[in-house]
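All chains, full assembly: derive it from the sequences and hints.
Sequence lines, in order, name chains A and B.
Quick note, in my numbering, the first sequence goes up one by one and the last residue is 145.
Quick note, in my numbering, the second sequence goes up one by one and the last residue is 1413.
Derived by calculation from the structure, the hints in this document are not laboratory data.
Keep in mind that a hint or two might mislead.
Claimed, not checked - DMTMM-like, lysine to aspartate or glutamate: derived pairs with alpha carbons at most 20 Å apart:
#1 B:Lys1375 to B:Glu1237
#2 B:Lys1173 to A:Glu93
#3 B:Lys1353 to A:Glu93
#4 A:Lys33 to B:Glu1379
#5 A:Lys33 to B:Glu1006
#6 B:Lys1173 to B:Glu1199
#7 B:Lys1230 to B:Asp1137
#8 B:Lys1016 to B:Glu1006
Stated by the list, open to error - Label pairs and their calculated CB-CB ranges:
#9 B:Leu1245 to A:Glu92: 47 to 57 Å
#10 A:Ala97 to B:Ile1256: 43 to 53 Å
#11 B:Val1283 to A:Trp127: 46 to 56 Å
#12 B:Lys1044 to A:Pro91: 22 to 32 Å
#13 B:Gly1413 to A:Leu11: 10 to 20 Å
#14 A:Val7 to B:Pro1221: 25 to 35 Å
#15 A:Glu87 to B:Gln1378: 28 to 38 Å
We treat Cβ as the ideally placed atom computed from N, Cα and C, and that holds for glycine.
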Amino acid sequence: MSIDQKVQLSLIVLLTGLVIVFAMLIFLTYIIKGYSATIRSIMSKNNSKKADTAIDTKPEKEDVKVNESSDVSYEVPSEQSTNLVIEEGIPEEVVAAISAAVYTMYGTSTNKVTHIRRSVQSNRSAWGMAGLLDSTRPILMDGLF
Amino acid sequence: MNIWNEFLSSVINIFKTSGFATNDWRNYIMIGIACVLLYLAIKKEFEPLLLLPIAFGMLLVNLFPLIMAPPDTTLQLVSEYMTAHGGAAGNYATVMLNGEQYYQIPQVGGLFYYLYQGVKLGIYPPLIFLGIGAMTDFGPLISNPKSFLLGAAAQLGIFMTFIGAIFLGFTGKQAGAIGIIGGADGPTAIFVTAKLAPELLGPIAVAAYSYMALVPIIQPPIMRALTTKKERSIVMEQLRPVSKLEKILFPIIVTIIVSLLLPDACPLVGMLMLGNLFRESGVVGRISNTAQNELMNIITIFLGVTVGATATGEVFLSIKTIQIVVLGLLAFCFGTAGGVLFGKIMCHATHGKVNPLIGSAGVSAVPMAARVAQKVGQEENPGNFLLMHAMGPNVAGVIGSAVAAGVLISILG
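Here is the structure:
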């Protein structure tokens, strides 16, 4: 193979390879963004419909208190009880994150967070936390490729 | 006296067929290399799941080269055969040579010859991908699809190494097979090499798996050299949760798009996504478990020993192997650099929301490369958890290298 042929082949493979790999993966990026957005909008519509239905059909007072040894108590309140009691020093972002987590876990919008307070700090050591993280990591692969 | 002579003659014949008489010095060097690789796999735990069978395959083929021998046919005089078998005629085809009739007696090949057909015919790598798909959570990638760009950028190593190999005198097909080492993806490297340059399978597989094991050593200096302390300290936003429906649709959509646009990548990407669909659908738990455990382990054994068995002294001990080892290292370095540099571009484009270190995970080598990104990030900021962010480019790199493999096979095959 002459130098010219080598240069030509190198450029062909370099350009074709990079352009096709980027084009393919950019295309996939947009497709995934598109279908993710569609699914999320459909799901949020469904959720809001369910919430409306739930409000219409469940006006009576429930007063179930759940406290799973966490920082958060949440109740299914009556329509009147809307005040959220937050312990001093807990930032708004944390409140929002906890509310979102409760909403994600328990689903219906009739549930709302009513109390947020700090619990006693866990006794778990840094090594214990590292072990917890390690054993709950979602990727359970062992370097096979 | 006659008995003594027969005894000596038998002993001499046994010695003549033993490894001491039939193997040459190159086999002994390869036996030494195999022992070093076994040490690295067992003691240092360098990719032991594959390096151990590869090293043992290498050991066996250099002790007994006929273990990889293809099936053959031997000729035996019909009269000799019948004498040896008490006058019974054999059920073999006959051929006349110099006025004498011979039986064509087929001889079976060596054990590894038959196991190697799975590599040669491109069966094992897609099956390994099936298992990998069943073990992979594409959630971080679906949550942040821009990670695909980092997975694409890290394929730079493949194409830069291709150029280097061409200018070192390799043919186009051989250069393509060497370049794919930069994909940092063992099954893909074996798949492409078996198709483009099967004669280089041994050195390429050993180089690919050795460098993958060395990712924690190769990548960090490049990552530190190409980023600033401030960039390495960037804390990325929490990834959004991904719904089950999104995870189920992902493998179906990726398979359809990639297979339609680049059919050569279909066997790898298709099997990867099939394994992932087993996992995410949640309705075939038994099949999913089989794919990621029993099947994966069986194929890993067959793939490892047979790829190792291609590394005979005659093939492995050549200047080409040294060139492949050097080019493989460059491929990893270019791939890492490509990912990190593109990560920097994304960092600037998003006004500092992307930590460029996660770009290095785009070279595949799942999940090692993602762990390296996490480790290097935590050196600057102990409270920074980049692992899940790095898993996005990491699994995108698997798809990216499969696409790059399809491109190379399409252009050079």
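Hint by hint, here is what the structure shows:
no.	hint	result
1	B:Lys1375 to B:Glu1237	18 Å, holds
2	B:Lys1173 to A:Glu93	56 Å, violated
3	B:Lys1353 to A:Glu93	19 Å, holds
4	A:Lys33 to B:Glu1379	33 Å, violated
5	A:Lys33 to B:Glu1006	81 Å, violated
6	B:Lys1173 to B:Glu1199	11 Å, holds
7	B:Lys1230 to B:Asp1137	30 Å, violated
8	B:Lys1016 to B:Glu1006	15 Å, holds
9	B:Leu1245 to A:Glu92: 47 to 57 Å	32 Å, violated
10	A:Ala97 to B:Ile1256: 43 to 53 Å	37 Å, violated
11	B:Val1283 to A:Trp127: 46 to 56 Å	39 Å, violated
12	B:Lys1044 to A:Pro91: 22 to 32 Å	46 Å, violated
13	B:Gly1413 to A:Leu11: 10 to 20 Å	19 Å, holds
14	A:Val7 to B:Pro1221: 25 to 35 Å	31 Å, holds
15	A:Glu87 to B:Gln1378: 28 to 38 Å	31 Å, holds
In this structure, the earlier hints numbered 2, 4, 5, 7, 9, 10, 11 and 12 are contradicted, and the remaining ones agree with it.
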